[in-house]
Amino acid sequence: MSGTSRVDHVTCLGCGCGCDDISVTVSEGRITEVTPTCPVGRAWFGDGSIPLEIQRSGRPASLDQAVAEAAELLLEAQGRILVYIGPDLTSQAQRQAVALADLLAATVDSATSPTAAGGLLAAQQRGRAGATLGEVRNRADVLLFWGMNPALRYPRFMARYVDPAGTHVPEGRRGRTLIGVGVGSDSAPKEVDLTLTLDPSEEITALSLMRASVQGYAREQTSPGLTQAIAIANRLAKARYAVLVHDAEPGDEPRNPLRVEALIALTQALNGPTRAALISLRAGGNRVGAETVLTWQTGYPFSVDYSRGHPHYDPAERGAERLGSDRFRAALVVGSPPLDGSLSGTLGRMSTVAIGPRASQAAFTLRVAIDTGVAGIHEAGTAYRMDEVPLQLRPPLDGQRSATEVLRTLIGAIRAGLGPSRS
Amino acid sequence: MSGLVARLKTRLQQRADLSEVLAEPWTTLSSSDMAGRTVYLERDGRVTLGDLFHIEGQSTGRIEFTGELDLADRLGAGLQEGEVLVKGNVGREAGLAMAGGILDIEGDAGPRAGAAPLGYKRGMVGGEMIVRGSAGAEAGAAMRRGLLVIGRTAGSQTGRGMIAGTVIILGAAGPDTGLWSKRGSVVALGKITPPETYAYACTYQPIHLRIILERLRSRYRLPIQRKHFTGLYHRYSGDLAELGKGEILAWTRS
Amino acid sequence: MSAQPQLRITGGTVHDPANGVDGEVRDICIENGRIVQALPEGAPRLDVRGMVVMPGGVDIHSHLASSSCNHARRLLPEEHAADPAPAPSLDESAGSPRSGTGGTVPTTFTTGYRYAGLGYTTVFEAAVAPAMARHSHAELDDTPCVDGGFFVLMGNDEYLLRQVAAGERERARDYSAWLLGSTGGYAIKIVNPGGIEAWKSGQRNLNGLDDVLAGRGITPRAILETLADAANALKLPHPIHIHCNNLGIPGNAAVTLATMQALAGRRAHFTHLQFHAYGGPGWSSGARPLIEYVNSHAELSVDVGQVMFGPATTVTADGPVEYLLHKSSGRKWVNIDIELETGCGIVPLLYKDKAAVTTLQWAIGLELFLLSADPWRVVLSTDHPNGGSFLSYPKLIQLLMDRSARDQMLKQVNPKLLAGSTLADGLAREYTFNEIAIITRAGPARLLGLPHKGHLGPGADADVTVYARDPDIAAMFATPRYVVKGGALMVEEGQLRRAPAGRRLHVRPGYDDAVLSDLRRHFDAYSTISFENYPVQGITDEPIAV
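Protein chains in written order, with our numbering: chain C, 1 to 423; chain A, 1 to 254; chain U, 1 to 546.
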């Protein structure tokens, strides 16, 4: 590719915001400019160059050879395989990955973080009151940021969903009241109208008292923090449309696992006196898409075991966490390989096939590595925003191997190897 | 004794999921039919109960499990009928969402005994579960009906999100016991700190409690002291973040 | 692939009401996926002597493939665990079968297999938020065995409401055409016109046809008229598909009747009428005046939305009603507000025959069926999974065909609210096979404007269901002996053997491009999705001609 060109309306999967208003300038096959600028997005796009290797046991191989070896290895380990769906795959590729797991009676798990998984479980138990991100922009007149500052990991969240005018908030940011509650070292945004910092030991009590207050129960509190939390709850209850925002991804410090359920329940309760929605901020790379695809194909959003002949949900003992238990004889990593130290350590000690962006550069030893393009940079298809709105991907670069196609080829090879009983 | 006896053949080397063993009606099964019930081993996958246990005796609606069962998870999950005795400790999620019958554990139970499976709305919906030792976190979470008794200490969040039913703790109750209950009763004979969203109501001698405690002493030979029968209890109502129709009864003095 | 080029289904008793065939023994000839007049003598034969042959079933209103369904799926792990669905054993050449899970909202593959197992070959998803259309296409891609499409939610759409407020009816028409084409949808769906916007903006709901959306001067009446005119002007194959205001509320039959009257001669389909047929002020049946109005107005059609006893999951864009259900039932509750377009609410329910209101709902549904004068305009549905799973259709057919089964049920149920119900007074009517063929196939196909569906005349899609006679009507309809779709023998001897991919049914009506520049401004001002990225790409099936 030569010359300079610009591709507009590109969707960025750097974080879960899924901004699809990006213009990407490409020069000599390299990304040279990304606008509007955002540090997370800029880092995610990089210059668009990625390796394009195919390897068997670290040595170059043809695609046919690599697929044949992967198929053989996976067929041998049938029933005791972990399929790990990493980030940066299109949902089309994720569908193939889950199909492969079904075919191989594998356990399939994803890059869904433990904290995000806790939120999914709480929402399964209680339901939830949520909204797509555009409702924040169009309706929210009071926003509560709980234990998080979107500026760090979701840099354009404010610019896209809080600052601009909306259908029901014509003044934009000026028409909204922003409240920040910090919890220990989880700090709130700076630019808020009202702040409160809670000691982590008070957090769940505060959220319970806030909910009790919304439901009409008021009691004098001795702690000033709790008193102020209740005042905030009453402010939320007087909003026209209250939005509560928290970060579903893990922070630097461990946080109270009850936080997310408490926020879900508080938001549901706020729909008595007013309207309210909880926004759970999620990381990018189409992680949410993996949960969405798994749900429609298995009924469950993560940690699904096909070894019983049908999808079995095992959220308490996630496949990825059980890698060290000898449960699995082989692993198939699709998407970007995990960087997590312990996970990649275990993957390196077993027979592992990786198909995805930078597979050949994984931090662990692989039997088979097949590099593919990155969803949204090189590969077209669909990815889901953090609020499960499906977005079109408009890749600015092309010419890379498609993960979807490689997975299809692998399924074909495995079906041929399985014979008629289950092919 | 009469009934079936299941003796662990060799020490478990990996976690075993027994959730399907007693979930379907079982009280009329022969020992060989019981031996055919499915167990999922964490590493080796599907095996039968008979692969792991010697099963003997006649079916009379009772079954006794013996051996070191710390790695045996979900024993008695979905139980609907009969009497299940465990001569020792059990692993996680014993009596998960059980619906009827009796699950009597001599030793300790791991986390989430009698709780709802993760992501489910309802935990235990009936029957009686006795943990004579201590119970891990979240015992009786989202319980809907039935009785759960913990002989020694109860872990954190015992009875969290109870919808109804009764939890009786003979030892100390862990933090956040009773948190987010809708209805139901937590009875604490030992130490307990009710969540902030419970309101103190009164101190009294709950007559109905004597009947239950008497039953626990006579039926299950549980070591309940005189002072607990006749003593005064603080009554707290909550959780006010939910319906507020639940209660914590905390023994306070003779 | 699995489609045999030729097949003669021979010796069966054929019910093909669209072609005036009512229980005649005749052969059905299939060639290259279509019904043909005749085949050479040597063509492969399928001997179905003594059996009942009908066109493949057509479901006019189901919730099976949408973001809302997926939220509902995720909400129901307990149902999935209780109903595992191992992969079927398909014919060797038929591709990889998929396992899944069931319950009231099964996984996509399992949904397709189970519809095929019931003899249904065409299914419409009844409520898709335009922004989520891409998701519905992906789910439909993973729902084998049925041809399908979806209806696009427009009754609370911000851009459309603005056109209604401004009296810009032509622009509203052009917008709805653009939206149908951009989403790959099939028909215009209206759910609680204006009421979802009221829920989202703090007004909670609109209860009457002339209630005004606060500060905007828009009424449900104006929304309905605008969209009914748009659908007619665009000559869409299916008219507006209406879920009225006040679903589930005692006394709502009045607003339903007013809505029918307001449309004054315009074509319209009223969906899950049962949920909108309650007398008032307390709980009572309002079925009779509604169905009588429908009987005498040929431009109107309905599907019933029967409530069946057992588990159900209510899934609807009608957010306010789900909040009320959550508060009254104490069950778990999902609400998702969808920017600029609509809402989504979910509450799982159990319909108990010991519950008086549930029994009344059940009875009202049956009254609508049994008092209907024209089966071509009263379609069988349970509003799956709202009134019950589609798997309960065979039991519903039994209730319609077998009065003794109905009377048996009436003895079991809670009769408290049945006073004044014509059902309790004894409706003797029993549906015939031909009428069942109409309300489950020929009628919905005609109402959907699908000339190739719902009949067995030459040129029709070769979608055929063969039932073995059984005095137990429910058993007969639950387990067809053979099901053919597009010429492929999907079900053989009662077993699913092939699961061909379904075809997408969608429309792409024309519109005046002038709407686009205004629409782009609207997107730039308020949407978080780029205008350029909004339309769904890559639908390979040709649109249905408009």
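Certain hints may be false.
As the list claims (entries may be wrong) - If you only want the chain C side, here are some residues facing chain U, beta carbon under 10 Å, derived:
id : residue
1  : Cys19
2  : Trp296
3  : Ser360
4  : Phe364
5  : Thr409
6  : Ile411
To be clear, the hints were calculated from the coordinates, so they are not data collected in a lab.
Glycine residues also receive a C-beta, built at the ideal position from the N, C-alpha and C atoms.
In rising order, the numbers of the hints this structure does not comply with
3, 4 and 5
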